[in-house]
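Protein chains in written order, with the numbering used here: chain E, 1 to 283; chain P, 1001 to 1283; chain V, 2001 to 2283; chain F, 3001 to 3283.
Each hint should be verified, as a subset may be incorrect.
Which residues of chain V face chain P? A partial, calculated answer using Cβ under 10 angstroms [unchecked claim]:
| hint | residue |
| --- | --- |
| 1 | R2029 |
| 2 | D2032 |
| 3 | E2035 |
| 4 | A2118 |
| 5 | I2119 |
| 6 | L2123 |
Calculated from the structure, these hints are not laboratory results.
Since we're looking at a predicted model, the values are computed, not measured.
From the three backbone atoms N, C-alpha and C, an ideal C-beta is built for every residue, glycine too.
4 protein chains.
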Amino acid sequence: MLIRLGYDLRFDLPAPTVMTTLLHVHPSRCGDLREPDFLHVEPRVDVEFFHDLFGNLATRLRLPAGTARLHSRTLIEDPGTVDARDPLAPQLDLAALPPAVLRYLMPSRYCEVDLLSAIALELFGGTKPGWERVDAICTWVHTRVAFSYAKARATRGALDVFTERVGVCRDFQHLAITFCRCLNIPARYAAGYLGDIRVPVAPDPMDFSAWFEVYLGGRWWACDARHNTRRAGRVLMATGLDATDAAITTTFGASTLTHFEVISEEVPGDASRAVPTHRAATA
Amino acid sequence: MLIRLGYDLRFDLPAPTVMTTLLHVHPSRCGDLREPDFLHVEPRVDVEFFHDLFGNLATRLRLPAGTARLHSRTLIEDPGTVDARDPLAPQLDLAALPPAVLRYLMPSRYCEVDLLSAIALELFGGTKPGWERVDAICTWVHTRVAFSYAKARATRGALDVFTERVGVCRDFQHLAITFCRCLNIPARYAAGYLGDIRVPVAPDPMDFSAWFEVYLGGRWWACDARHNTRRAGRVLMATGLDATDAAITTTFGASTLTHFEVISEEVPGDASRAVPTHRAATA
Amino acid sequence: MLIRLGYDLRFDLPAPTVMTTLLHVHPSRCGDLREPDFLHVEPRVDVEFFHDLFGNLATRLRLPAGTARLHSRTLIEDPGTVDARDPLAPQLDLAALPPAVLRYLMPSRYCEVDLLSAIALELFGGTKPGWERVDAICTWVHTRVAFSYAKARATRGALDVFTERVGVCRDFQHLAITFCRCLNIPARYAAGYLGDIRVPVAPDPMDFSAWFEVYLGGRWWACDARHNTRRAGRVLMATGLDATDAAITTTFGASTLTHFEVISEEVPGDASRAVPTHRAATA
Amino acid sequence: MLIRLGYDLRFDLPAPTVMTTLLHVHPSRCGDLREPDFLHVEPRVDVEFFHDLFGNLATRLRLPAGTARLHSRTLIEDPGTVDARDPLAPQLDLAALPPAVLRYLMPSRYCEVDLLSAIALELFGGTKPGWERVDAICTWVHTRVAFSYAKARATRGALDVFTERVGVCRDFQHLAITFCRCLNIPARYAAGYLGDIRVPVAPDPMDFSAWFEVYLGGRWWACDARHNTRRAGRVLMATGLDATDAAITTTFGASTLTHFEVISEEVPGDASRAVPTHRAATA
């Protein structure tokens, strides 16, 4: 399956501003790209690339005051299958986890593991370690938290989600991540494209999406407490401890988002045949 | 100057427990060691070494139920001078910061940059960027927060410190780090040895100490909102986003600390002459 | 001056629900009413009147499932002058305050006096007690907090307002009340009608309004950190510790507000002459 | 049974200070006093009596700088029976509650009903209304929260207790009160004497005690999530929304408590026979 990806973001900047972005397909998926994934910036400025602490491909931009437009269109090959799962992948003992994974058991800004541990144990301590526990957590969060764009709040942490029972995509994942960590399942935040691939088209306009990953049996697996269903068509852009690390754009200074458009849709058969041309074009 | 370093920690563990430690001198200071810095564990268990996300030398231990003892004694050469400072090192523009440093401008568990930004701007927005701002922050925190071991609390974040005005070493640094980040000065948490080198001996028993580092003019500099004075004899063990990343020991399960002893003292002249023997022994 | 007052609220109730209201003009203003201030409820249910702990005139309703409509129209005589002020009214010593006023120095749900005391002292400790201090507080809150209906949140307390710097009417007053209490000025929450009397007409649709009162020199005075200007035409409905006590309606169970209309406007001369008829009608 | 009651509190006051106290036996128990319950203050100052918003007998003192001593000894007759309970007293419908009781369903400073409602419903929504629900709440709190004087914190609210799972007497009651209110059971905070009457003597030194009251079937009943057992010998001093309203002493300014002694013990038979003399003395 080929998926057309793209975004078009516009900002009003009252003053010259530094912005960092995580607007590229994650390095782990670069091999699947069929067109270049190139961040266009208007007005034209230097785009400085770097890899952040978590291995994401980031950019830093120095934007002048005025209107800034960031956009891209690319094409990616995707198996089109739903989120992978090996039911036999076990929850590893703490002594068996790769050391690099241990940090994903600890608290972070929006995942207050220290505050939610007793609660997590109460709610999920009786479940079987591993997938059963992860599923119980996702279902609980999905069922008990209501989705509301109107109640989005950038400072909401997992404890707030737990008491307020409302949030947007990131809030669902933060609470689920925190519960997983409390119960010794490494969990990290993930952001990327998620179109309505092979599901009924949702009424909301497309947005980037947040999900999370758990570490079971030697690898990371995508999970999603927001939708609580295995989905096709996730295209990862960034992972990190929580939304702090995987914000698509971070602006150091005042800015107003004036336009926001994201595309992530399956390309029908005919269109996909046209791809080699594109590939040639990029060679 | 030679500094004798060491610790002796004992824990009661009701069940087999995994523990991670950051009990070694930081890799950046390994060249100064005049004796091996070796973590002894009783009972004897395998000690697994790894470097964490922040470049610290960490270990993982699988301890049986019962009493566990962790101890070490080593010797380090130290210039004996107080915390370095180049008054000409400027606060760098966001576009000029090394990309790896940018994460230290963002929120972390105990440094709620998103919650304290307006406050930081109010308090310190009028100060000159760079050292003057860092000094103003340290002095403010040092003056307004009272030290109290009795009021230590593992879940206290910078906002709590700001409202409660009380804390231990880590709390002072968390608040100062947060204010620095709010004002675009990269700041990170640091933990290590800090003896009463060339200062009047404090009445408190020795402990590991927390301080923080700011990034000015192209390098990190040690700062200390707890003592608010340049000190000699800091021996770094770990750095990270906040205390989450630089905890000397992290126990995944119940444990009781039953004994805690830390040594960090200047070795008088005669004793220091004995060092070459030690050095030979480690060769 | 005569002011036409009224409201029309409609709720969808999925199940039979108990509601309490504070929808009447405050007992202290009853003498100014020129028409009855009568809560009409549709469907017709018994309206039980009581005075709450703070002396407000409250009602309790037992509403069936379905649509409920609460409405009233009344007319009140008002001096039309702006909020009274005696610049000579001093901040009373704690020993001189009437005992009944002391509770208004203490914390309440949305006014965390215990958390904001050090901050209040820092910000306003240098101001002169009394009106100068109250004015400094109102100006500070008015200047530093941004108004946003979109960011209303029922659980936001004064500390949240202080860090988030955004809110609706009640949030401005909560922060100002808290600062006043921290500095030993009794302060209480007030809710009522506030039309655009003798001020340029605001673009927002009419709503009930929140303000607060401080106790200086032996009486309560209306203050308003939201508008930070002395206004004409406030008609008090309820006072209390904070918004908890002065909520216009409190629903014990699920409900959706489907219609909300408030009227508070000066009656032009001709219309006001028609009033005696109304008064006769109520005789 | 006769119970000897008394206290001896001493404070260091760096400056002249206003203090309010709730150091008298509650008006509802005055008829049981067999000796006057008289607050002695040293140095001698005027003691101003008043009844607060909740009907407690309060005093206001204007103390000079230096040492202040507050003490009393009195004798009260007590049935010596454990906390009363009528298992048939039902949880009243919201429409049937006396209006004055409705405030005890709402949030207060340390009882964040708005934050804990979803949680309360989850934990206790399946229990039978009335005593069964109250008992479930008390048992839950008693079982899940650990008592620790060392971790007392004046700013801890019910949500903190829920996440931290540790506290002193007041914290247990705050969480239980909040859960009750969330589930439409009116609940209020209570403070008073509680000696080791007919229970094994506890190792802790005597203190005033906090408990709470629920409103079932037309009256208030004493409950105690700290001890979770029906006790004899409670002597009420004050009730209120939470600890804010029932603090034994409230000092408006700096003060250090240097001595704290509370007596509440059964007078053995012989001693009690001596009482008529005292009674004569008070006649």
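Check your understanding: What are the numbers of the hints the structure violates, in ascending order?
Key -> 1, 2 and 3
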